[in-house]
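Those sequence lines, one after another, are chains H and Z. Residue numbers are given in our numbering: position 32 of the first sequence equals residue 32, and the series is strictly consecutive. Residue numbers are given in our numbering: position 4 of the second sequence equals residue 4, and the series is strictly consecutive.
It should be emphasised that the hints constitute simulated quantities derived from the structure, not laboratory data. One thing to keep in mind: the hints can contain errors.
The list cannot tell twin chains apart, which means a pair is met if one copy fits it or any two copies do.
To be verified - For lysine-lysine, the following DSS-like pairs were computed, each having C-alpha atoms within a straight-line distance of at most 27 Å: (1) Lys117 <-> Lys72; (2) Lys104 <-> Lys49; (3) Lys72 <-> Lys57; (4) Lys218 <-> Lys55; (5) Lys104 <-> Lys14; (6) Lys14 <-> Lys55; (7) Lys117 <-> Lys104.
Every value quoted in this text rests on a predicted model; they were computed, and no experiment measured them.
Protein chains: 2
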Amino acid sequence: MINLASFLDSTNLKPEANEDDIHCLCMEAVRYEMAAVCINPYRLALAGKLLADSKVKLCTVIGFPLGADGLKYKIYSASMALDNGADELDLVINIGAVKDRNYKIAGNEIDSMLALKSKRDFIAKIIVETALLTEAELITLIGLINDSGADFIKTSTGFSSRGVSLGDINIINAYKSKHLQVKASGGIKSLALAMELLDLGVNRLGTSSATRLINEYKESQCTSRVDP
Amino acid sequence: MINLASFLDSTNLKPEANEDDIHCLCMEAVRYEMAAVCINPYRLALAGKLLADSKVKLCTVIGFPLGADGLKYKIYSASMALDNGADELDLVINIGAVKDRNYKIAGNEIDSMLALKSKRDFIAKIIVETALLTEAELITLIGLINDSGADFIKTSTGFSSRGVSLGDINIINAYKSKHLQVKASGGIKSLALAMELLDLGVNRLGTSSATRLINEYKESQCTSRVDP
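Let the sequences and hints guide you as you build the complete structure.
Spelled out as structure tokens, the structure:
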């Protein structure tokens with residue numbers, strides 16, 4: 001039996017999430033000792049208070065979900081998020097620049113965010129939005145992220161045409177450097193998919209169904225003990 | 001016969017839009033003399049060059065599409081967009097704050113953006129995302145936007161569960177002040193819907209099908225002359 005909660009970034013990035021929704025998200029993350037809570041920047045102050053005495057990390061998103069804001073704006077947002085207590089920043093790459101084959105722009109955004117580590121230590125995850133990439137573009141981005149020193153590559157925003165696929169993870173595993181960790185995200189609603197992703201060695205799962213997945217996993221473990 | 005193009009904000013906010021896509025969008029807007037081109041902040045420099053010698057306005061989006069970035073971040077983004085040549089700013093309200101019934105936060109974001117008019121004149125449109133609002137919330141927001149001095153109320157981002165409905169416009173028309181203009185947006189893909197919205201007095205249509213709608217409209221006018 002694994003500690004499923006320790007792999008979960010419990011996520012609520014809905015624009016209409018209210019204070020009660022954020023409260024529940026944080027309380028459940030604390031109760032189950034999940035890895036992190038992932039919320040929009042506006043909710044950092046509230047979530048930071050709720051998680052203050054816990055080991056649950058406070059994660060937010062930068063340039064989310066379109067990644068089309070430009071360098072200065074992303075760095076301002078990242079800097080603000082750190083000031084507001086974020087432990088982990090999930091940055092959406094500049095997908096338009098990738099489509100222009102302008103990897104210098106995309107890489108510079110990543111490097112500039114990572115330069116903020118001199119200000120305060122944090123975990124940096126780079127969201128590539130696999131749904132919008134060709135395999136060649138994904139492979140090029142993996143190389144770029146390998147070299148950047150980012151902590152994680154993250155597959156998806158959850159706001160595009162699809163979330164993570166097992167195929168995405170196989171490509172990432174084939175090309176990523178040893179030190180780069182993987183966060184699978186987008187559409188992880190079933191325990192079966194969560195387990196398949198963990199079997200492929202994924203280090204984190206971003207999901208808006210975290211508590212349900214934990215409970216389903218616990219039930220599945222009990223069932224397998226009762227019916228050997 | 002109306003000048004349909006003069007009502008159109010020709011829009012491409014797709015994260016994967018490349019330079020060629022933005023080029024086509026701008027060239028067609030110039031050719032047909034559309035009201036504005038609406039693009040992501042990263043594309044302001046390119047689109048600004050392409051529209052430089054035209055009357056087509058340069059429009060971008062702020063806090064888009066979730067509206068959950070917080071006040072400082074939105075104002076920084078708006079200020080940057082003006083520095084980068086934007087003539088029109090479409091700001092997504094803080095929907096989470098509305099759901100908390102914290103209209104002070106939502107109103108303060110609008111007022112703070114409008115305060116930038118002292119720096120440079122621009123058209124301010126406030127996106128309320130009707131898909132996520134109750135009728136009571138929409139009516140409260142209309143009152144708030146009436147009082148703010150914003151130029152437009154805009155219905156939708158195009159990234160939520162639905163775009164504009166005729167019902168939205170009827171509510172807006174019933175509660176808006178005389179001076180407040182209306183931009184309908186999200187899912188305006190058919191000429192029939194575009195015409196119904198204009199019949200309701202809408203001042204702008206945000207659409208990613210602008211050129212097609214213009215051509216369909218011209219064809220429909222020719223057909224009605226040939227077959228009386």
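Here is what the structure says about each hint:
In this homomeric assembly, lysine 117 and lysine 72 come within 27 Å of each other (Cα to Cα) both inside a single copy, at 16 Å, and across copies, at 22 Å. When the C-alpha separation of lysine 104 and lysine 49 is checked against a cutoff of 27 Å, the pair qualifies only between copies, where the shortest distance is 21 Å, while the shortest distance within a copy is 38 Å. In the homo-oligomer, the alpha carbons of lysine 72 and lysine 57 lie at most 27 Å apart both inside one protomer (26 Å) and across protomers (23 Å), since each shortest distance falls under that limit. For the homomeric pair lysine 218 and lysine 55, the shortest alpha-carbon distance inside one copy (22 Å) is at most 27 Å, but the shortest distance between copies (63 Å) is not.
For the identical chains of this complex, lysine 104 and lysine 14 are inter-copy neighbours only, at 21 Å across copies versus 31 Å inside a copy, given an alpha-carbon limit of 27 Å. Taking the shortest alpha-carbon separations for lysine 14 and lysine 55, only the intra-copy value of 24 Å comes in at or below 27 Å, while the best inter-copy value is 37 Å. Taking identical chains as interchangeable, the C-alpha atoms of lysine 117 and lysine 104 lie at most 27 Å apart only when both belong to the same chain, with a minimum of 20 Å there against 35 Å between chains.
Checked against the numbered hints listed earlier, the structure breaks none of them; every hint is satisfied.
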